[in-house]
Amino acid sequence: MVGVVIVSHSQKVAEGIKEMALQMAAPQQKVVAAGGMADGGIGTDAFKVSEAIISANTGDGVAIMVDLGSAVLSTETAFEFLDDELRANVKIADAPILEGAISAVVEASLGSSLTAVIATAEGARTLNKC
Amino acid sequence: MTEIQVTITNASGLHARPAAQFVQKAASFKSKVRIATGNKVADGKSILAVMSMGLKQNTQITITTEGEDEIECCKALEDMIKSNFGEH
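Just so you know, the protein sequences line up as chains A and B, in that order.
Counting from 1, one number per residue, gives the positions in the first sequence under our numbering.
Counting from 131, one number per residue, gives the positions in the second sequence under our numbering.
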C-alpha cells in the first residue's frame, strides 16, 4: 500500500488531517503527519519530513501532501536525504492538502499504485462543495 | 448486469467516511460499479466521483454492477447502505 505523508507548517493541522484521513483508511494504511518545526513552532522541517517518508513507506512508495510555499521546498530537500530507491518512489501531489489527503488515503487503501494515488489526490482540486 | 434501487438512509449521506466505505467495498469486487441518480452517473470505485455526486439522505440511487461477481457485489453494497454504514 502506498503511504501518505502530510506536510503542514502546523503540527496541529498535520495531525488533524491525519486523524480525519485515518477514518477513511484501511487498517494497514500508513498515514504520517510531518507538521511544524522540531520545537513545535510553525514551519516545515526537511528532516522531520524525511523521517515521515521513511516510516510511511512499506515498499510501494509514498504520496506527499503539502500545504503552502516552503512545505514544497522542505519536502524536496527531504527527498535528498532518502536513498535512491525510495527517492524514485515518492511524489508530491499538487492538490489541496485536506481533500487531497483524504482522497489519496482512500485510493491508497484500495491498493492502487503511486501514480493512481497522486492522480486521485490531484483530482480533488476540482471537487465542488456546493 | 445487476441493478438495484436503494434509498440512502444514513444521516450524513454518501459523503466522506460513508463514501470511502462504499468505494472500498465496491473495489473489493471484480465487477464494474456504477451509481446513478437523476441525470448523474458515477463510477462507484472512484472516491472523487462518488463524493462529487453529493448524495444526501433520502436520495434514491440506482446501483448497477457488471462482471463475474455482480450479484454478490450488488448485494454487499445494498446491505451496506441499508445498514446506514454503522451510523446511528
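Keep in mind that the hints were calculated from the coordinates and are not lab data.
Please read these numbers as outputs of a predicted model, since none were measured by experiment.
Honestly, I wouldn't trust all of these hints.
[Said to hold, decoys possible] Just the calculated beta-carbon pair ranges, DEER-fashion: (1) A:Ala116 <-> B:Ile201: 25 to 31 Å; (2) B:Ala166 <-> A:Ser70: 18 to 24 Å; (3) A:Gly111 <-> B:Thr189: 48 to 54 Å; (4) A:Met37 <-> B:Gln190: 48 to 54 Å; (5) A:Pro27 <-> B:Gln135: 30 to 36 Å.
Ideal placement from N, C-alpha and C gives every residue a C-beta, glycine not left out.
Q.
Given a hint of 48 to 54 Å, does the C-beta separation of glycine 111 of chain A and threonine 189 of chain B actually sit inside it?
A. violated (29 Å)
Q. Can the suggested window of 25 to 31 Å be confirmed for the beta-carbon pair alanine 116 of chain A and isoleucine 201 of chain B?
A. Since the Cβ atoms of alanine 116 of chain A and isoleucine 201 of chain B sit about 27 Å apart, the hinted range of 25 to 31 Å holds.
Q | Range hint 48 to 54 Å (beta carbons of methionine 37 of chain A and glutamine 190 of chain B) holds or violated | A | holds (51 Å)
Q | glutamine 135 of chain B and proline 27 of chain A - C-beta distance against the hinted 30 to 36 Å | A | With a Cβ separation near 32 Å, proline 27 of chain A and glutamine 135 of chain B satisfy 30 to 36 Å, so the hint holds.
Q.
I want to verify a distance hint. Is the separation of the beta carbons of alanine 166 of chain B and serine 70 of chain A within 18 to 24 Å?
A. At 44 Å between Cβs, range violated.
Of the numbered hints stated above, those contradicted by the structure are hints 2, 3, listed in ascending order.
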